[in-house]
Each structure stands twice: as C-alpha cells, then as structure tokens.
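*Asks:* The primary structure of each chain is shown beneath.
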Amino acid sequence: MADDPADRSPSHRTDVCVVGAGPAGTIVAARLAEAGHDVVVLDAGPRFDLDDRTEQLDAHLRPGVDGGVSEAPRGDGEAAADLWGMGGERDAYTSSGPEGYPLNAARVKGVGGSTLHWQGMVMRLHERDFELDSRHGVGVDWPIDYADLRPYYAAAERELGVAGADDNPFAPPREEPFPLPAFPPSHSDSIFAEACERLGLPTHSVPNARNSEPHDGASACVGYGTCKPVCPSGAKYTAERHVARAEAAGARVIDRAPVQRLEHDGSGERIEAAVYATPEGTEHRQAARAVVLACGGVENVRLLLLSASDAHPDGLANSSGLVGRYFMDHCFAGVGGRIDRPTRQNHVGFNTTECHALYDAADPLPGVKLEFLNYAGPSPVVEALHADDWGDTLLDDLRDSYGTHLAVGGLVEQFPRAENRITLDRSTTDDHGNPVPDVQWSVGPETRAAIERVNEVQRAILGELDADIDWVVGPDETGPAFHHMGTTRMGTDPAESVVAPDCRAHDCDNLWIAGSSVFPTGGGMNPTLTIAALSCRLADRLDGWL
Amino acid sequence: MDLSRRDALAALAASGAAGVAGAAFLDGEDGVAATADPTPPDDVSTLVAVAETVYPSATEGITDFVETYVAGLPDERREEMVSAATDLDATARDWFDAPLTGLDRSTRDRLLRDLGVDAADPDPDGYLSERVRFHLVNELLYAFYASPTGGRLVGIENPVGYPGGTESYRHARMEDGDG
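Listed in order, the protein sequences are those of chains R and A.
The first sequence begins at 34 in our numbering and counts up one residue at a time.
The second sequence begins at 1423 in our numbering and counts up one residue at a time.
If you're looking for bench data, these hints aren't it; they were derived computationally from the structure.
Hints may be right or wrong, so weigh each one.
[To be verified] Covered stretches of chain A (chain R as the covering partner; in silico rule of three or more C-beta atoms under 8 Å from a C-beta of chain R):
| no. | segment |
| --- | --- |
| 1 | 1515-1521 |
| 2 | 1541-1548 |
| 3 | 1558-1567 |
| 4 | 1579-1589 |
[To be verified] Among chain R residues calculated to face chain A with C-beta under 8 Å, some are:
| no. | residue |
| --- | --- |
| 5 | Arg95 |
| 6 | Pro96 |
| 7 | Gly97 |
| 8 | Tyr257 |
| 9 | Ser300 |
| 10 | Arg303 |
| 11 | Arg371 |
| 12 | Pro375 |
| 13 | Asn379 |
| 14 | Val381 |
| 15 | Asp421 |
All C-beta atoms, glycine included, are put in the ideal place defined by N, C-alpha and C.
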C-alpha cells in the first residue's frame, strides 16, 4: 500500500465528484479534468504502490507468503484474503440466492479498481447485443445501438491502449486500426486452428488491454505469466493510468474514503454531496455540481439503497423499483485435456486466439465465445512449491504433468432476470455499520442449455485433436466470470429503467452512473471495453451539461 | 545439468529480488555477480546441502548457484533462510551427531521427511518443519524452477514468474540457449 497521504478533507467549488476509482470512474475523471473541470474522485480502498507489484507476484506464487499488500486497509486485523486486501468486515456480504456468489474474489476496492486483478480482454459488443428483444424476443433492447457507441468504442480502445488486429470476421464493423499491434498467436493456437478449421470454426486474434510494445509510459509485456492477479511490469492496463492522467490535469483522488451515502436537496431532485468516511473516523461531505457513481454493479446499488430518504423511500433513483434488479454475469464453460504433442502452456498469462463464430447464431441463443487458453494445466514452478516430494521424483512428476495440456474455455451470456438481484442484508453490517450487499444469483435455463451446447463444441474441437479429456465445466460446475452488470439498467422509460440513455438517473438531475451496471443486457463479451466506451460518452454528455 | 551464477541471477529476477538487493549484483562482468555474499561459509554450505537434496541428482554447479542466489536476496529473506538452516543443522547434530553437511544425500532426505517437511504447509513463522519447508525447500525450489535453466528440465524456458518475454510462447519447441 502506498504511503498514506494525510489530506482527505473535501475540496471546495467542485464540479464533479466521482465515486469509485476503477476504469468507469477514472476515464470520466480524466476526460473531465482535462476539459477544465474541477474533479474529486473518492475510493473506498487504498492506493496501491506500483513498487509492491513484484512482492505481490512473490505472494501469488509462493505459498505461505502474505499478500503483497503489507497491511489490509481495514480495522479488524484480519489478514487479507488476497493480494489486493479484499475480505473482512469492510467487504462483508451475503449470498442468499440459488447459487453462491464469491463476491470478494470478483472485485478489488482501491485506486484502479478491479482492473488491478483483471485479465484484460477487451471486445466490442455486437450489433445484436443492443437489439436482443427486437431480434429474438428475449431481454430488452438497449436505448442506444452499436452505431451510437461505435465512435466511443474507438475512443475506448485508445484510452486502454488495446493491442488487436482486424482479423475477426465476426466482429462488428470498425473504422480504424487498433492502437497497438496484436499479440501473435501462440503455438497452441496453431494446434487449435487446425481442428477448428476442420469444424468450420474460424479463429482470430484477441484484443488485449496489454502493451504489445511500449505505450503510454509503460513497457511492453515481458511475460511474467501472472496477468491475473498481478502484472509486475505495468504492461497490462489498469485504471491507475487514468488516475495519473486525472491528477496531472488537476483532479484530486482520495483513497480510503468510502462513501456512506449521497445527500440531496430539499426537492430530492439534486444531489448535494457525497458523505464519506476517513480512516481516522472523520466524516466529510464532498459537495459537487454533479455526482458520478462508478463503484461497480454491486456497490452502486448498495450506495443508492443506503441513500434512501423521505423523498426517495426505496432508495435514491429507485422510483422504478429496479435498482439492484437484473443482476447479470457471464458464465464459464470449458473443456480441457491432453494430447500427444507439446502444447507449450504457461509462458504467458493471457490468451491470443478466440472464436466468435457462434456468437450471433440462434443455437444457442445466448451469446457465446470460445477462448483458447495459453495457460492450460499446471505451471511447473507452482506445482513444485505444492508438491510433497523433491529431487528426482519431483522432476519426474513435473515432466509427467507439464507439457501436453490444452483447454478451450468460453463465456456464455445470461439474459436479464428480475429475480437475480442485489439487495441490502440488514442483518449484517460492515465496518461503518452499514447493511452489506446480498447477492441473489442463479444461472437460468437458457444459459444452462447454452453451456451444454458450448461443451459439445468444445468436446468436438478436442476430439479433432484426439485429446484425452480430463475435465469439463458444464452447467452444473459453471461459475461467474466476475462481470457485474445490469443493476441500474439504462432505458428511456423511467418506469422500466434507472438511468436515461445518457447515463443520467431518471430521478435526479445531477446523478450519473458509469460502468456495467447500466447495461440492459450483457452479451457474451468481456464488459470493460463497453464500460470504457460508455464512460467516454458519459464524459462528453456531462461536459456539455456542466 | 549445470547451474551457473548466471542462472542464479535469472532466478533472482524471477523472485523479484533482483529489483531490490540483487540489482547490485548485476554489475559484474557479463552481468555475473562477484562473490559478495555476507553469509558465513558454514551457513552457505548448509544451504547447499539442502539444495543438493531437493534438486535433481544430476544437477551440478549448485554451490555457485546457491551462493549467488542467497547473496542477491534481500537481507531479511536471506537471514530467515540462514536461521532455518541453523535450526535444521542443529536437528541433524541432535539426531545423527553430525552437521547436515556431514550427512550423505539419502540421510539428509530422510531427516527432512522424518521432520515432516514433505507434508508441511510452508509457513515462515511456523514450526520447524513448516519453516524449513518455507525458507529452505520452497525457496530453493522456487529459485530452481522459476529460472529458465530449471524450467528447461521440465520443458519450459519461460516459467511463470520469470520475465522471459513474449517470444517463447509462440514456438513449437524450446530453442537452444539460456532462455
């Protein structure tokens, strides 16, 4: 954790208060600060020191090493549950739905947000994702379409420094090259490409928010192989880049400042201030002309519900009753096995080839994409440190277990379901006495069927390679990909949505919501590029409004 | 398989330690460290004795490798290694009336197993078996298998944790060289 800056007092004459220092909030903050506005960003978690990343790598690889964050940013003394200090009373939650949801593995609180531990895959949604109801009679349409977002996708790719190639026959139309060249395909990609070609499944590159060459003050990837959960080289994009940009343009970013509630004026139509706590136990009010809520699909909801008032008895911006409803994630499906030739896995921690051939098809209807892993099977060094042997026996074991693994993963769309939701669990409180979030999540029949279909395709691919299949993640084993979407959905009708198409809350003149909580549907693509595109768009709209 | 001082420097890069203490050792001729290990020779010998036990039997050059690796570690990490080695050595003297360096490889192996090191959870502050697992066995295995030379024995010249670039993942087989 970085040295603790002392001044957490609020700023005067602030134009915009951004709650949350992940990519959604900091892109808005950087662009508005560069446009000349006075911006304050508040984040519940700490500022992590870039110099600690190699220690975090050490902690990730070597069992018994405490998290690289030397002191968890909490008062309960409990050891950090992971490298980024998640867990404990600050991050308490419940999960009362049909499927358990491991919320604290799915997010990071801190300056940089969940990009600190993310994988860094950044695809555009397809046209169909904006028109799911019109085309297929499921879910809802977005109030904007791909053409509306297209220029902002290009801006988002520049913001994140995306390395990619225009070789994906299934991708939506684009007008300019990616900012950085794509990472070339791996050896195992070439093995998969043969099999996929025989099955009529064209493969293509993966857009990565990761430097394939030096860019934006950071080095090219040097192949540590630990992208998730930590990139020691800084080649993987994190929102810390936008924090630096925002601060260079005059914004203040205050860490360890969890917002407790938003307070509105007498009319209930304008937010006056964000009330936040400090580690010293002081409470401050950050007044601002506009507030941008950008703390993720779970905490956005909690903060709106915690801000209930006489004017908004069911929670702020919740006249529709939909705040927290339609929580969506992507579900993982995968098949792995071994073949009789070297597959060269675990050199790098990111993927270089995917197949989107099934994405727009009707079988299955939920959007699905296939990912060809570059990290299938065990890493010898990690296995050695967990082994119960050493010497020649260990070497023989490692030689036997490494070298011939392959795996095909995939993401599967969840349609919005009202019963999947985030609420407050009033029986449990966090370190400030606030009710914690309760996650109610289930997979749903369409998604289960789609996972089965994806498994069939994945088995067929490995079958083409005469692989011995040794694991399958199907509908009974699936889990979430940690993409929190849908809980403050965007729409034109205030009775059917929480924010308007410009991402401003229907119920409050100066409350804007950034991030994937505004997605009406989630598609099957990793959401961060769309988050970034919407933040670029939101910043434009808010700049005009200011 | 021959280990070298250069391999030890690569292992330090993998451990992240080169960015701390090890950087000072990268200035020697051809980037190879001069011997500047503050660790007393007897302690290094004990560490080498453990390494000889947990590394594959065909490994050569262990003494130079361990000396250079230990010298490049941050002070606290090196001192913890030495402390665990001292305790392990005391156990050897108790059980076998001889220092660890005076035992043959199979007896050292038996000592570690009889202590339960093979099944112990690595814990830097735990019982002796847990500390030996963490500070000695796992530290030395990490140095070995997170380096290109150790990785090559298994078939990977750019093991996880080692910043070996973005070329090797594209190749169908290991190329000659030091990774």
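*Asks:* State for each hint whether it applies.
*Replies:* Verification of the hints:
no.	hint	result
1	1515-1521	violated (count 0)
2	1541-1548	holds (count 5)
3	1558-1567	holds (count 6)
4	1579-1589	holds (count 9)
5	Arg95	holds (6 Å)
6	Pro96	holds (5 Å)
7	Gly97	holds (4 Å)
8	Tyr257	holds (5 Å)
9	Ser300	violated (55 Å)
10	Arg303	violated (50 Å)
11	Arg371	violated (13 Å)
12	Pro375	holds (6 Å)
13	Asn379	holds (5 Å)
14	Val381	holds (5 Å)
15	Asp421	holds (5 Å)
Hints 1, 9, 10 and 11 from the list above are not met by this structure, while the remaining hints are.
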